[in-house]
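Build out the structure end to end from the sequences listed, making use of the hints.
Each chain, letter by letter, is given below.
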Amino acid sequence: MADFIQHLINGLAAGTIYALVALGYTMVYGVLKLINFAHGDVMMVGVYIAYATAKQLGRGAQSSLLGVMLIFLVAMGGCALIGFLIERFAYRPLREKPRLTALITAIGISFALSYGFQLDIGFLPGAAPRAFPEIIRPTEWLVIGDRDVVLWNWQVISVLIAVGLMVSLQYLVFKTRFGRAMRAVSYDHRTAALMGIPVDRIIALTFMLGSALAAGAGILYAIKDTAVQPLMGLYVGLKAFVAAVIGGIGHVPGAVVGGLLLGLVEEFVVGYTASTWRDAVAFGFLIIVLLVRPEGLFGRITAEKV
Amino acid sequence: MSKDALKGPLPVILALPVLALLQVTLQDHDFLIYLTSLVGVNVILAVSLNIVNGMTGQFSIGHAGFMAVGAYSGGKLSLEMKDYALSFLPHVVSDQISFMLAILVGGAAAALCGFIVGLPSLRLKGDYLAIVTLGFGEIIRVIVQNTEAFGRALGLSGIPQSSSLAMILFWVFLTLLVAKRIADSSHGRSLWAIREDEIAAEAMGVNTTGYKVRAFVISAFFAGVAGVLFAHFVPIINPGSFTFVKSMEVVVMIVAGGLGSTTGSVVAAVFLTLLPEGLRSAFSRLDDPSLAQKVDQIRMPIYGLLLVAIMLLRPQGIFGTHEIWDRWKKKPKGAT
Numbered sequence: 007m008a009d010f011i012q013h014l015i016n017g018l019a020a021g022t023i024y025a026l027v028a029l030g031y032t033m034v035y036g037v038l039k040l041i042n043f044a045h046g047d048v049m050m051v052g053v054y055i056a057y058a059t060a061k062q063l064g065r066g067a068q069s070s071l072l073g074v075m076l077i078f079l080v081a082m083g084g085c086a087l088i089g090f091l092i093e094r095f096a097y098r099p100l101r102e103k104p105r106l107t108a109l110i111t112a113i114g115i116s117f118a119l120s121y122g123f124q125l126d127i128g129f130l131p132g133a134a135p136r137a138f139p140e141i142i143r144p145t146e147w148l149v150i151g152d153r154d155v156v157l158w159n160w161q162v163i164s165v166l167i168a169v170g171l172m173v174s175l176q177y178l179v180f181k182t183r184f185g186r187a188m189r190a191v192s193y194d195h196r197t198a199a200l201m202g203i204p205v206d207r208i209i210a211l212t213f214m215l216g217s218a219l220a221a222g223a224g225i226l227y228a229i230k231d232t233a234v235q236p237l238m239g240l241y242v243g244l245k246a247f248v249a250a251v252i253g254g255i256g257h258v259p260g261a262v263v264g265g266l267l268l269g270l271v272e273e274f275v276v277g278y279t280a281s282t283w284r285d286a287v288a289f290g291f292l293i294i295v296l297l298v299r300p301e302g303l304f305g306r307i308t309a310e311k312v
Numbered sequence: 423m424s425k426d427a428l429k430g431p432l433p434v435i436l437a438l439p440v441l442a443l444l445q446v447t448l449q450d451h452d453f454l455i456y457l458t459s460l461v462g463v464n465v466i467l468a469v470s471l472n473i474v475n476g477m478t479g480q481f482s483i484g485h486a487g488f489m490a491v492g493a494y495s496g497g498k499l500s501l502e503m504k505d506y507a508l509s510f511l512p513h514v515v516s517d518q519i520s521f522m523l524a525i526l527v528g529g530a531a532a533a534l535c536g537f538i539v540g541l542p543s544l545r546l547k548g549d550y551l552a553i554v555t556l557g558f559g560e561i562i563r564v565i566v567q568n569t570e571a572f573g574r575a576l577g578l579s580g581i582p583q584s585s586s587l588a589m590i591l592f593w594v595f596l597t598l599l600v601a602k603r604i605a606d607s608s609h610g611r612s613l614w615a616i617r618e619d620e621i622a623a624e625a626m627g628v629n630t631t632g633y634k635v636r637a638f639v640i641s642a643f644f645a646g647v648a649g650v651l652f653a654h655f656v657p658i659i660n661p662g663s664f665t666f667v668k669s670m671e672v673v674v675m676i677v678a679g680g681l682g683s684t685t686g687s688v689v690a691a692v693f694l695t696l697l698p699e700g701l702r703s704a705f706s707r708l709d710d711p712s713l714a715q716k717v718d719q720i721r722m723p724i725y726g727l728l729l730v731a732i733m734l735l736r737p738q739g740i741f742g743t744h745e746i747w748d749r750w751k752k753k754p755k756g757a758t
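First to last, the protein sequences are chains A and B. Following my numbering, the numbering of the first sequence begins with 7 at its first residue and continues without gaps. Following my numbering, the numbering of the second sequence begins with 423 at its first residue and continues without gaps.
Derived from the structure by calculation, the hints contain no laboratory data. Do not take every clue at face value.
As the list claims (entries may be wrong) - Residues from chain B that face chain A, not an exhaustive set, calculated with beta carbons under 8 Å:
hint	residue
1	Val440
2	Asn568
3	Leu734
What the hints assert, rightly or not - Over the 12 Å line for every Cβ pair with chain A, so calculated as not near, a few chain B residues:
hint	residue
4	Asn475
5	Ile519
6	Ser520
7	Leu523
8	His609
9	Arg611
10	Tyr633
11	Val689
12	Ala704
13	Gln719
Claimed, not checked - Think about it this way: if two alpha-carbon atoms lie no more than 30 Å apart in a straight line, the pair counts; the simulated DSBU-like pairs of lysine-lysine are:
hint	chain 1	residue 1	chain 2	residue 2
14	B	Lys716	A	Lys61
15	A	Lys103	B	Lys716
16	A	Lys39	B	Lys668
A quick note: this is a predicted structure, and the numbers were derived from the prediction, not measured. The beta-carbon is built from N, C-alpha and C at its ideal position, and this holds for glycine as well.
This is the structure we're talking about:
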């Protein structure tokens, strides 16, 4: 029983992080109908920005409340900028081309980022994983029995931060003018343009928003993993994509449910078998979902019109 | 015998002495043999992936997974059969027969995997398929890493090095022949139709799922063959040889060569295999050996940027969908 509760806690904590990254995928897919393969790698870059910022702040300042907020802000801002650049120079010129072209470009960017960061030339960090600074000092908040169940402070904090970001996103998408424009673009970008919505700007903003969320999620992931390395984006990104598909890609609450579900499934499978199977769980889950319900849990089947 | 009856086996009969000649001339150049073998394996991979990604327009990025299935099943079989020989035949012949058997088994195992993955996932559209194939490749890698019989992360070593240049080039040749014959056949026309517009193809009565799965199985078969060949000339195979990186390498080859062009796949595969090897051996002669290691590191990000650059500047690749043999094909009457 204690095992079960511990896995539940770990699964939920991991799931919220997947959910945050998945939101970025789902939003970009919503407006562009493009799987932004590079999303996970943008997240990885964000974590490195956070790492560099924390190093600049030094040991004392990095774990103060102000310092942590600064780290988050710098990383999220940096990622928003990177997201903007990628959209402007790689995706926008291809928007009217066949979808395969954009997909190949996205794969190319992902590859360039994740392997570019493995070089040790100039400012690039090199392939070796580095310890992520303890910007939230780990303390045990709740211990049941003889350390049968342990609830760490960072688990609670990261769930709170994730939920906070999701709620504000939900507000942004459904209650604001920008959100309405975004949903209009997602529904039909040509008609949206005719109605006077600046489609290019909305898409760019969506990209920046998704990238910023990814940076936030990436920092939470790095706190959990206590390490940062260039390939983390590839794997976390792919799992988050799986989460987005499970929830029904393009569906915002679906991504959250998918992320939580994936986090739990992964934790339980790994917890009751062996950790070497971790990377296969997400893909196995994906294949099952696509077989049983290809549109995802909350997605709707849309008939393709010619 | 009529003229048509010869048409099928004729290229094979013509090719065999050429292959034998190559085998004899290159006999003493170990590095050249290694290089040519590597080029051959990559050409098989690229041409076979081109059948799915280029001709059919389905984007698979898990080709290394099929290669791994072939390499491991074929390699394991060869390891098991190492001590058995057909005593009534000379040693070399008996070795080559068991090698051939391993190739066929490896290819068949990969084709079976292609069928299992292809049947459900090819009902999905573009991006989803890409992810599923990627996931498949990863699952294969994880399974191999967790199986004692496949040596876990250490891999298999001691596989008999029975690969020969003639055998590899023979399979290169066979792959090319199959790719060309598919492209020229009515089967190939259906694949092209699916590539250009799946809905229209379906409306014209093309069984899209059926054709896609068949293309996938054929492609997987040759990837498996490439894997078996690879396993028999490198000293050791481990899960690290068949990661996402390998799949991407092949994708870059066919995208650069031109999706849908067998000629392009071959040219790009040869070029992109020789370039890093050439740079490495050139740098290793210099005073600073660290440059040679850098070649390997810097290759990957360059591949990524290359993909982006090709898509932005010349999305059809070097050759587009043209083939070198289009030049000497007879033009139909009325065509300009």
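Hints, one by one, checked against the model:
1. Val440: Check failed: Cβ of Val440/B comes no nearer than 36 Å to chain A, outside 8 Å.
2. Asn568: Holds, about 5 Å.
3. Leu734: holds (6 Å)
4. Asn475: violated (9 Å)
5. Ile519: Holds, since 36 Å exceeds 12 Å.
6. Ser520: holds (32 Å)
7. Leu523: holds (30 Å)
8. His609: holds (22 Å)
9. Arg611: holds (20 Å)
10. Tyr633: Holds: least Cβ distance 18 Å, greater than 12 Å.
11. Val689: holds (19 Å)
12. Ala704: Correct as stated: the minimum Cβ-Cβ distance to chain A is 20 Å, above 12 Å.
13. Gln719: Non-interface label on Gln719/B violated, nearest chain A Cβ at 6 Å vs cutoff 12 Å.
14. Lys716/B with Lys61/A: holds (28 Å)
15. Lys103/A with Lys716/B: violated (35 Å)
16. Lys39/A with Lys668/B: holds (27 Å)
The structure does not agree with the numbered hints 1, 4, 13 and 15 stated previously, though it agrees with the rest.
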